[in-house]
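Line by line, the protein sequences are chains S and U. Residue 96 in the numbering used here sits at position 96 of the first sequence, and the numbers go up by one each step. Residue 113 in the numbering used here sits at position 113 of the second sequence, and the numbers go up by one each step.
Hints in this document: simulated from the structure, not taken from any laboratory. What you are looking at is a predicted structure, and each value in this text was computed from that prediction instead of being measured. Be aware that a few hints might be false.
Just some of the chain S residues that point at chain U, by a computed CB distance under 7 Å [what the hints assert, rightly or not]:
id, residue
1, V47
2, L64
3, I66
4, D85
5, A89
6, Y90
7, D96
8, S104
9, L108
10, Y115
A short list of chain S residues far from chain U (calculated; beta carbon distances all over 12 Å) [to be verified]:
id, residue
11, L10
12, A22
13, Q34
14, F38
15, L51
16, R55
17, P86
Beta carbons are placed, not taken as given, at the ideal position from N, Cα and C, and that holds for glycine.
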Amino acid sequence: MHEVDMTKCLLLSMTEWRQLHAPHTPRVNRVHLQVGAFTCVEPAQLVTTWLVAVRGSWLEGAELVIEAVPLVGRCVRCNATYSPDPEQAYRSPCCDQSMEEIVSGRELRIRSVDYVLPDAISSAAGSPAPTSQASASPRETAPSHAPFATAPAL
Amino acid sequence: MHMPLEDTLGLNLLAANQHQAEHNREHFDAWELLCLNVMSSPGAGKTSLLERSLAALAGEYAMAVLEGDMTTQLDAERLEAVGVPVVPITTGRSCHLDAAMVSGGLKLLRQRLDPAGLDILWVENVGNLVCPAEFEVGEHRKVALLSVTEGDDKPLKYPVMFREAHCVLITKTDLLPHLPVQLERIEAHIRQVNPRCAVIPVSATSGEGIEAWHQWLKAQVAAIAPAAPAALVRA
Ligand SMILES: Nc1nc2c(ncn2[C@@H]2O[C@H](COP(=O)(O)OP(=O)(O)OP(=O)(O)O)[C@@H](O)[C@H]2O)c(=O)[nH]1
Ligand SMILES: [Mg+2]
Ligand SMILES: [Zn+2]
Numbered sequence: 001m002h003e004v005d006m007t008k009c010l011l012l013s014m015t016e017w018r019q020l021h022a023p024h025t026p027r028v029n030r031v032h033l034q035v036g037a038f039t040c041v042e043p044a045q046l047v048t049t050w051l052v053a054v055r056g057s058w059l060e061g062a063e064l065v066i067e068a069v070p071l072v073g074r075c076v077r078c079n080a081t082y083s084p085d086p087e088q089a090y091r092s093p094c095c096d097q098s099m100e101e102i103v104s105g106r107e108l109r110i111r112s113v114d115y116v117l118p119d120a121i122s123s124a125a126g127s128p129a130p131t132s133q134a135s136a137s138p139r140e141t142a143p144s145h146a147p148f149a150t151a152p153a154l
Numbered sequence: 001m002h003m004p005l006e007d008t009l010g011l012n013l014l015a016a017n018q019h020q021a022e023h024n025r026e027h028f029d030a031w032e033l034l035c036l037n038v039m040s041s042p043g044a045g046k047t048s049l050l051e052r053s054l055a056a057l058a059g060e061y062a063m064a065v066l067e068g069d070m071t072t073q074l075d076a077e078r079l080e081a082v083g084v085p086v087v088p089i090t091t092g093r094s095c096h097l098d099a100a101m102v103s104g105g106l107k108l109l110r111q112r113l114d115p116a117g118l119d120i121l122w123v124e125n126v127g128n129l130v131c132p133a134e135f136e137v138g139e140h141r142k143v144a145l146l147s148v149t150e151g152d153d154k155p156l157k158y159p160v161m162f163r164e165a166h167c168v169l170i171t172k173t174d175l176l177p178h179l180p181v182q183l184e185r186i187e188a189h190i191r192q193v194n195p196r197c198a199v200i201p202v203s204a205t206s207g208e209g210i211e212a213w214h215q216w217l218k219a220q221v222a223a224i225a226p227a228a229p230a231a232l233v234r235a
């Protein structure tokens, strides 16, 4: 149930990212996440809530791709990495130490975003070296429902 | 063919919440106060502990409470009775506080007092052992409570909160004689997932362990908000 709040927060984080491209609205194809096993997030649940949450938004149609990152600990005594098992109280099998260091598994990360930028592409198509005037010209971005290929060229 | 772009972000999924949390913490630091995020499953004894600590420490520190509750203001009323300013934050359907809600609570608090005069700001989170651990609110320290009635396996079943906590209080120790659990086992299981945190057994009913808990607390105030306690300056 808290995946709903996680998704809301993810959308806010994506909106922060979108500001970087202002005034253009990137058309996002995929958002790649890394979700560690030692977090409170259930990846499948996150995908479901994402599909609902992006409906009608600028992210509609963007696919959420989740890479599950396993929990890996490092034994404090011998430095070996191991897969902590809750059944074994997360202790290292090599030296029976408690889980001091977590190498991976705490990730809740937006790793990357695949997207197209309507304006950058159309200006690149118009001329190989866009003039400063072209890049500075305020132009409407393609409406989000329009297929990108039909966006007006410069 | 259009060249798709890729931004490598390495950004936290909860970046938006973290930014707001950092913003809150900047305020806390400017006000030189210690902010504590108190978390546990429902009914582990957060409000009871606060009642006791607020009453015991009121002469020494200036304090206020942000009280997270899903629907009611019952806990806020209980704490208000102790004589400390309390701002209720009803979270609605959300099962945890987030940084934006706490920011909203701070706005209300500032209508009543100047937070620069505070030494400790308590945030009682919504009773929930799962998600509050992932949503920072700008706190300096996370305090997790685990009552002896919950059984000794909870740190292993819900490890993230106990891993993140700076201090774990094992509460309701007055009930131990009536239960088939051993304090040592609970403590050992906490240590499995978090070898570094402070673990303090307490009872809000009998007062056992409360002094040790307050010692820990005073050390945190001294580390985070080393200015002379505001309550003493005013005196
Ligand atoms: N025996 C005993 N009971 C306690 C102790 N602390 C709290 N309780 C009881 O446990 C119940 C829940 O206590 P609260 O303080 O309301 O717990 P809480 O964590 O604030 O609960 P929520 O905010 O609803 O999640 C109450 O009936 C308390 O009287 C304790 O130290 N010993
Ligand atoms: Mg309470
Ligand atoms: Zn080892």
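Structure-based check of all given hints:
| no. | hint | result |
| --- | --- | --- |
| 1 | V47 | violated (13 Å) |
| 2 | L64 | violated (11 Å) |
| 3 | I66 | violated (10 Å) |
| 4 | D85 | violated (10 Å) |
| 5 | A89 | holds (4 Å) |
| 6 | Y90 | holds (5 Å) |
| 7 | D96 | violated (11 Å) |
| 8 | S104 | violated (14 Å) |
| 9 | L108 | holds (4 Å) |
| 10 | Y115 | holds (6 Å) |
| 11 | L10 | violated (5 Å) |
| 12 | A22 | holds (14 Å) |
| 13 | Q34 | violated (9 Å) |
| 14 | F38 | violated (6 Å) |
| 15 | L51 | holds (16 Å) |
| 16 | R55 | holds (19 Å) |
| 17 | P86 | violated (5 Å) |
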